[in-house]
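J.: Just need the whole structure built from these sequences, with the hints factored in.
Number of protein chains: 2
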Amino acid sequence: MKPGPTVRWRCGPWDSAASDEVSPGLYYFEDLSVGQRFRSGTYAVDADQIKAFARAWDPQPFHLDEEAAARTVFGGLVASGWHTVAITMRLLVTGELRPANGILGLGVEDLRWLKPVRPGDTLRVESEIVEVRPSMSRPDHGVVKIRHTTTNQDDVPVQVLTSIHLVARRPETGAPASGDSTR
Amino acid sequence: MKPGPTVRWRCGPWDSAASDEVSPGLYYFEDLSVGQRFRSGTYAVDADQIKAFARAWDPQPFHLDEEAAARTVFGGLVASGWHTVAITMRLLVTGELRPANGILGLGVEDLRWLKPVRPGDTLRVESEIVEVRPSMSRPDHGVVKIRHTTTNQDDVPVQVLTSIHLVARRPETGAPASGDSTR
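From first to last, the protein sequence lines are chains S and G. With the first sequence counted from 1, adding 19 to any position gets you my numbering. With the second sequence counted from 1, adding 19 to any position gets you my numbering.
No lab work stands behind these hints, which were simulated from the structure alone. None of the hints are false.
Treat identical chains as interchangeable: a pair holds within one or across any two.
Calculated cross-link-like contacts (lysine to any residue; reagent style SDA-like; alpha-carbon spacing at most 25 Å):
id: 1; residue 1: Lys70; residue 2: Leu133
id: 2; residue 1: Lys164; residue 2: Val151
id: 3; residue 1: Lys164; residue 2: Thr113
id: 4; residue 1: Lys164; residue 2: Asp174
id: 5; residue 1: Lys134; residue 2: Asp84
id: 6; residue 1: Lys70; residue 2: Leu125
id: 7; residue 1: Lys134; residue 2: Ala75
id: 8; residue 1: Lys134; residue 2: Ser154
id: 9; residue 1: Lys164; residue 2: Leu133
id: 10; residue 1: Lys164; residue 2: Glu145
id: 11; residue 1: Lys134; residue 2: Leu83
id: 12; residue 1: Lys134; residue 2: Ala119
id: 13; residue 1: Lys70; residue 2: Asp84
id: 14; residue 1: Lys134; residue 2: Arg117
id: 15; residue 1: Lys164; residue 2: Ala187
id: 16; residue 1: Lys164; residue 2: Pro190
id: 17; residue 1: Lys134; residue 2: Arg157
id: 18; residue 1: Lys70; residue 2: Asn120
id: 19; residue 1: Lys134; residue 2: Thr91
T.: Quick look at the structure:
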């Protein structure tokens, strides 16, 4: 793996994270290559959060009420899959991989919910660059495909999201260091 | 198109919907076939909602602040793509297509954000069944692929989501009407 310019891996255990904010890098398209990996902080999920998200966006019994959920295929309260996605996005925005133009998603190629997220789970995300290519329609940007794996406190993957992002190229104005942008 | 047992199409214009609740059908796997379409109510999006969702899940300038957003590629405040997804899910849960076991997503095959969602937009969803097949791992369920198209008040698609759902088969206990479940 070719490391990015300012990737900083955490050395301590992930569950010692006091917040979901980690030391970011600021990336242009030229800084990204297949195989690079980036981490996030952590996010602790509780029953009240699960119910609040569900009331707003996914009001179904298995996300709203412990007793009703116990009688469903889940056997207990579980987070909406879209709640897991939202937590994943939050962890990405506050994580190590920060494209200079922000995290701009064009779409999702694949998304799987592998295991239910339950109250008491603590989630984190690891993102791996799986494809980089120039943008045909926007010459000042590139298209980057990233596989984001969301895991729980037992390092068990609960969700895999492969999404397609628009990442700005490094501006060529000014400093002679811009020669580096042609690699 | 072979209509489902209790699909009720709205006759009036969509923007006359007073809420996002529409007359539901309750569906088992046997009731669903390729080509069936289902509608939702509508959901009006404003700037405060866009910012509130973004503060919680996608805190980036183009979703949080009009002035900062004006200086980005979007030229103004836009909803997080995940906000559009959340609204879509809400419209599905309160829409016409209600599987007997709830809307249980296994994952997403494809998701594209086609056009930004901005303050003042009113969204609705039309869902089309694109594939039905038995579940290998769960004989009492089927797997149904559905393409959900989210459009704005001008009938312009802003998002297309193709997702894979687990739908319960009709129980064969009791009434002689169960013969109908073998079709």
